[in-house]
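Chemist: The primary structure of each chain is shown beneath.
2 protein chains.
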Amino acid sequence: MLHNITHVRGFTCWGSHMGIKSKRRDLALIFSETPASAAAVFTQNIVCAEPIKLSREHIKGGIAQAFVINSGNANACTGVEGWKGAVKMAETTAKELKIPKESVIVASTGIIGEPFPTDKVLKGIKESVKKLSNREMAGSLTANAILTTDTFAKEGFTSFKVDGIDINMGGIAKGSGMIHPNMGTMLGFIVCDISISPKLLDEALREAVDKSFNMITVDGDTSTNDMVAIMCNGLAGNEKIDEKDANYDLFLSNLESLCTHLAKLIISDGEGSTKLVEYRVKGAANSLDARQVVRTISNSNLVKTAIFGSDPNWGRIIAAAGRSGVNFDPEKINLFMGVDINKMTQVLKEGQPIADIRGKLKKTMQSSTIIILVDLCEGEFEAVGWGSDFSYEYVRINAEYTT
Amino acid sequence: MLHNITHVRGFTCWGSHMGIKSKRRDLALIFSETPASAAAVFTQNIVCAEPIKLSREHIKGGIAQAFVINSGNANACTGVEGWKGAVKMAETTAKELKIPKESVIVASTGIIGEPFPTDKVLKGIKESVKKLSNREMAGSLTANAILTTDTFAKEGFTSFKVDGIDINMGGIAKGSGMIHPNMGTMLGFIVCDISISPKLLDEALREAVDKSFNMITVDGDTSTNDMVAIMCNGLAGNEKIDEKDANYDLFLSNLESLCTHLAKLIISDGEGSTKLVEYRVKGAANSLDARQVVRTISNSNLVKTAIFGSDPNWGRIIAAAGRSGVNFDPEKINLFMGVDINKMTQVLKEGQPIADIRGKLKKTMQSSTIIILVDLCEGEFEAVGWGSDFSYEYVRINAEYTT
Numbered sequence: 136m137l138h139n140i141t142h143v144r145g146f147t148c149w150g151s152h153m154g155i156k157s158k159r160r161d162l163a164l165i166f167s168e169t170p171a172s173a174a175a176v177f178t179q180n181i182v183c184a185e186p187i188k189l190s191r192e193h194i195k196g197g198i199a200q201a202f203v204i205n206s207g208n209a210n211a212c213t214g215v216e217g218w219k220g221a222v223k224m225a226e227t228t229a230k231e232l233k234i235p236k237e238s239v240i241v242a243s244t245g246i247i248g249e250p251f252p253t254d255k256v257l258k259g260i261k262e263s264v265k266k267l268s269n270r271e272m273a274g275s276l277t278a279n280a281i282l283t284t285d286t287f288a289k290e291g292f293t294s295f296k297v298d299g300i301d302i303n304m305g306g307i308a309k310g311s312g313m314i315h316p317n318m319g320t321m322l323g324f325i326v327c328d329i330s331i332s333p334k335l336l337d338e339a340l341r342e343a344v345d346k347s348f349n350m351i352t353v354d355g356d357t358s359t360n361d362m363v364a365i366m367c368n369g370l371a372g373n374e375k376i377d378e379k380d381a382n383y384d385l386f387l388s389n390l391e392s393l394c395t396h397l398a399k400l401i402i403s404d405g406e407g408s409t410k411l412v413e414y415r416v417k418g419a420a421n422s423l424d425a426r427q428v429v430r431t432i433s434n435s436n437l438v439k440t441a442i443f444g445s446d447p448n449w450g451r452i453i454a455a456a457g458r459s460g461v462n463f464d465p466e467k468i469n470l471f472m473g474v475d476i477n478k479m480t481q482v483l484k485e486g487q488p489i490a491d492i493r494g495k496l497k498k499t500m501q502s503s504t505i506i507i508l509v510d511l512c513e514g515e516f517e518a519v520g521w522g523s524d525f526s527y528e529y530v531r532i533n534a535e536y537t538t
Numbered sequence: 136m137l138h139n140i141t142h143v144r145g146f147t148c149w150g151s152h153m154g155i156k157s158k159r160r161d162l163a164l165i166f167s168e169t170p171a172s173a174a175a176v177f178t179q180n181i182v183c184a185e186p187i188k189l190s191r192e193h194i195k196g197g198i199a200q201a202f203v204i205n206s207g208n209a210n211a212c213t214g215v216e217g218w219k220g221a222v223k224m225a226e227t228t229a230k231e232l233k234i235p236k237e238s239v240i241v242a243s244t245g246i247i248g249e250p251f252p253t254d255k256v257l258k259g260i261k262e263s264v265k266k267l268s269n270r271e272m273a274g275s276l277t278a279n280a281i282l283t284t285d286t287f288a289k290e291g292f293t294s295f296k297v298d299g300i301d302i303n304m305g306g307i308a309k310g311s312g313m314i315h316p317n318m319g320t321m322l323g324f325i326v327c328d329i330s331i332s333p334k335l336l337d338e339a340l341r342e343a344v345d346k347s348f349n350m351i352t353v354d355g356d357t358s359t360n361d362m363v364a365i366m367c368n369g370l371a372g373n374e375k376i377d378e379k380d381a382n383y384d385l386f387l388s389n390l391e392s393l394c395t396h397l398a399k400l401i402i403s404d405g406e407g408s409t410k411l412v413e414y415r416v417k418g419a420a421n422s423l424d425a426r427q428v429v430r431t432i433s434n435s436n437l438v439k440t441a442i443f444g445s446d447p448n449w450g451r452i453i454a455a456a457g458r459s460g461v462n463f464d465p466e467k468i469n470l471f472m473g474v475d476i477n478k479m480t481q482v483l484k485e486g487q488p489i490a491d492i493r494g495k496l497k498k499t500m501q502s503s504t505i506i507i508l509v510d511l512c513e514g515e516f517e518a519v520g521w522g523s524d525f526s527y528e529y530v531r532i533n534a535e536y537t538t
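Those sequence lines, one after another, are chains U and G.
Sequential numbering from 136 applies to the first sequence in the numbering used here.
Sequential numbering from 136 applies to the second sequence in the numbering used here.
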């Protein structure tokens, strides 16, 4: 049995077709019966969509009861009319659900700069409210309704015990292009029945997103619409988590796992992606350096085309590390490539190339999952991230997107 | 008649086939009969090739007499043997030409991490020294011998008068992938018969490169081997330029023109490139901001694939500007697109989209040269840069490079 967001106490949802997209569902609604602690992170792009501006305001109180998301139109660079549309999305959802409008978190994804079809969206909201359900299928419809160029819906579920009480956590995500998150990311919506204070929830979400969604890249373009949001309605009945104790750590660890699961699904469905690559950097002088090297390598077009072509052109990996802005000694660096972290092939040892490994590397490169490990030998810090390769299909998808 | 580097007094050159590449010429030599004022800029990638390390030392004296360049092997990540190879390149060139080894500037381009074929290179040097010539054809052979995935040789020539004396300046360049220069750039070699002090030559070269080679991008990957070098042997007989007077300005302006010409040739030959795009940013709060926005937009995969697909998806341009790290008010921004700078179509006015321009934009996007102009309305500074689009062919070239 698939577990999804419908297996979390007190949450209902629906995904309907309102007609921005020709056939696929394009409006998603997730509702908590009771007011929930809530947190969200948003894109750092200073050109941000209207729903981002509105949701930034609404999340400030730390309480939410509904996520409403349309796909097919990003409501970005849409001017005054776009802003009015986002406000009406929240107002209509609030009115239909009989909750305060500040409890509605709004998100959009799709093409930038097209007029926002407010009327269609409002109609979709009214229809979805009537159909809200906790049947498993409703969760899948919801996950489908937030997609754009994605080829499959991304769902996740986990459960764990806090003081003997079962806690359920489910999430959905979308995103297969314009993926190079910075703080917030594409779209991710998580619901949980744990009881936790809004302040700690906010901290936990930021930490989990930083190690998951923020460590993936498809094409290096940070979207105007990135958002990850979470609601925790407390219906599990645990004693409220309001300090960083063992229960908080347990929650954080489960949240990070769920976010990583969703993030890796996004990469697997990256536009034109044929391979999933895990990038590991260790021996960095600090955590920021480790992350920066991971992100520069994973975002290199030359690295990604080599991976697509199963070409063991490892010099491109080192060249990308060298232009990352991070200071290290090229004469100390070790580089490994492989499919299994316990059986990696060493390519560079203290900056010197290892002879006669081309055949072995060629075989590694043909795998659909590849691990690349760079040891900077400058300190004790490490980071891990995930990326896709770069195929003809990526070009096709993005050359034809609006036309 | 084509004018090239052979039309500069006192310079001879040759390009020979030494066998790193299967058929094409792969060793280039440019020689000045007399010691010349010289300057060079190099890649900022901290993983840099062995010839870069050596040439950085040799240029310190401000005097050079020979450029020697091999293609087909980058001599980067090649360890101790690679360093010895670079040193031998300089020593052999110096010995054959009877000049100090410090007067030899060495460069390499090609695949990273393959053992450096020192013996072949030395053989090629000896052969080239014997054939040095000032026949026009020799200039073209030289320009051809530095190419890798380039599809045509890049040559330029200009002449101007200083105090009534004819000054000749010629240059060659290469580079069609791993093009996102940072300070130095791909390979560019310029020779001139003007008399100028090494100190002023260095300043002029840095300024000219910053406005030309450093403002182009093909794929966002800064190479380990980038270099632009110049020799001025003074054989024109003008009074030596040793202050920033009108003659210096004239020299600088011609140098900048030649560098821009070569840089645009590189973009036209960018891997898989089908279009040349000029990116203009004005109204920036400072010069750095203007350059940063140009470079972020021109390097966006989503912008480049849209241009390849003739897709007027202008939201991607604004989204890229927004993630550039430069602070501006999205509500003030103006965006224009067109083919002729005097007949641009306005797309965004003070952050608001202009209605009904899609048909016009669609036509613009089908042109082989496109201008994109962003007015940030934050200040008085501007920048201009050039980029290619992003095609299936880019992916093919880079997926198959070493295999």
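These are calculated hints, taken from the structure and not from any lab test.
Wrong hints could be hidden among the right ones.
Identical copies look the same in the list; a pair holds intra-copy or inter-copy alike.
Capping the alpha-carbon separation at 25 Å, the derived lysine-lysine pairs in DSS-like fashion look like this [stated by the list, open to error]:
id: 1; residue 1: Lys467; residue 2: Lys379
id: 2; residue 1: Lys219; residue 2: Lys484
id: 3; residue 1: Lys230; residue 2: Lys334
id: 4; residue 1: Lys219; residue 2: Lys379
id: 5; residue 1: Lys261; residue 2: Lys497
id: 6; residue 1: Lys233; residue 2: Lys158
id: 7; residue 1: Lys195; residue 2: Lys255
id: 8; residue 1: Lys236; residue 2: Lys158
id: 9; residue 1: Lys195; residue 2: Lys156
id: 10; residue 1: Lys266; residue 2: Lys417
id: 11; residue 1: Lys156; residue 2: Lys417
id: 12; residue 1: Lys498; residue 2: Lys375
id: 13; residue 1: Lys346; residue 2: Lys399
id: 14; residue 1: Lys195; residue 2: Lys236
id: 15; residue 1: Lys230; residue 2: Lys258
id: 16; residue 1: Lys255; residue 2: Lys156
id: 17; residue 1: Lys484; residue 2: Lys188
id: 18; residue 1: Lys467; residue 2: Lys219
id: 19; residue 1: Lys261; residue 2: Lys158
id: 20; residue 1: Lys498; residue 2: Lys230
These numbers come from a predicted model, not from an experiment.
Chemist: Indicate, hint by hint, whether the structure satisfies it.
Modeler: Okay, the hints, checked on the actual structure:
1. Taking the shortest Cα distances, Lys467 and Lys379 never come within 25 Å of each other, neither inside one copy (39 Å) nor across copies (44 Å).
2. Taking the shortest Cα distances, Lys219 and Lys484 sit within 25 Å of each other only across copies (19 Å), while inside one copy they are farther apart (59 Å).
3. Taking identical chains as interchangeable, the C-alpha atoms of Lys230 and Lys334 are never at most 25 Å apart, the minima being 27 Å within one chain and 73 Å between chains.
4. Proximity of Lys219 to Lys379 under the C-alpha cut-off of 25 Å is found in neither arrangement, the shortest distances being 40 Å within a copy and 57 Å between copies.
5. In this assembly of identical chains, the alpha carbons of Lys261 and Lys497 never lie at most 25 Å apart, being 55 Å within a copy and 36 Å across copies at closest.
6. Taking CA atoms no more than 25 Å apart as the test, Lys233 paired with Lys158 passes in neither setting, with 30 Å inside one copy and 76 Å between copies.
7. For the homomeric pair Lys195 and Lys255, neither the shortest alpha-carbon distance inside one copy (28 Å) nor that between copies (68 Å) is at most 25 Å.
8. In this homomeric assembly, Lys236 and Lys158 never come within 25 Å of each other (Cα to Cα): the closest approach is 30 Å inside a single copy and 71 Å across copies.
9. Taking the closest pair of Cα atoms, Lys195 and Lys156 never come within 25 Å of each other, the shortest separation being 32 Å inside a single copy and 63 Å across copies.
10. For the identical chains of this complex, Lys266 and Lys417 are neighbours neither inside a copy (49 Å) nor across copies (51 Å), given an alpha-carbon limit of 25 Å.
11. Proximity of Lys156 to Lys417 under the C-alpha cut-off of 25 Å is found in neither arrangement, the shortest distances being 44 Å within a copy and 37 Å between copies.
12. In the homo-oligomer, the alpha carbons of Lys498 and Lys375 never lie at most 25 Å apart, since the shortest distance is 52 Å inside one protomer and 60 Å across protomers.
13. For a Cα distance limit of 25 Å, the shortest separation of Lys346 from Lys399 inside one copy, 12 Å, qualifies, whereas the shortest one across copies, 41 Å, does not.
14. When the C-alpha separation of Lys195 and Lys236 is checked against a cutoff of 25 Å, the pair qualifies only within one copy, where the shortest distance is 13 Å, while the shortest distance between copies is 67 Å.
15. With identical chains, the CA atoms of Lys230 and Lys258 are at most 25 Å apart within one copy only, with a shortest distance of 13 Å there and 83 Å across copies.
16. Taking identical chains as interchangeable, the C-alpha atoms of Lys255 and Lys156 lie at most 25 Å apart only when both belong to the same chain, with a minimum of 11 Å there against 61 Å between chains.
17. Taking CA atoms no more than 25 Å apart as the test, Lys484 paired with Lys188 passes between copies only; the shortest distance there is 20 Å, against 49 Å inside one copy.
18. In this homomeric assembly, Lys467 and Lys219 come within 25 Å of each other (Cα to Cα) only across copies, at 19 Å, whereas the closest approach inside a single copy is 56 Å.
19. Taking the shortest alpha-carbon separations for Lys261 and Lys158, only the intra-copy value of 19 Å comes in at or below 25 Å, while the best inter-copy value is 69 Å.
20. Proximity of Lys498 and Lys230 under a CA criterion of 25 Å is satisfied in neither setting, with 59 Å inside one chain copy and 45 Å between copies.
Checked against the numbered hints above, the structure breaks hints 1, 3, 4, 5, 6, 7, 8, 9, 10, 11, 12, 20 and satisfies the rest.
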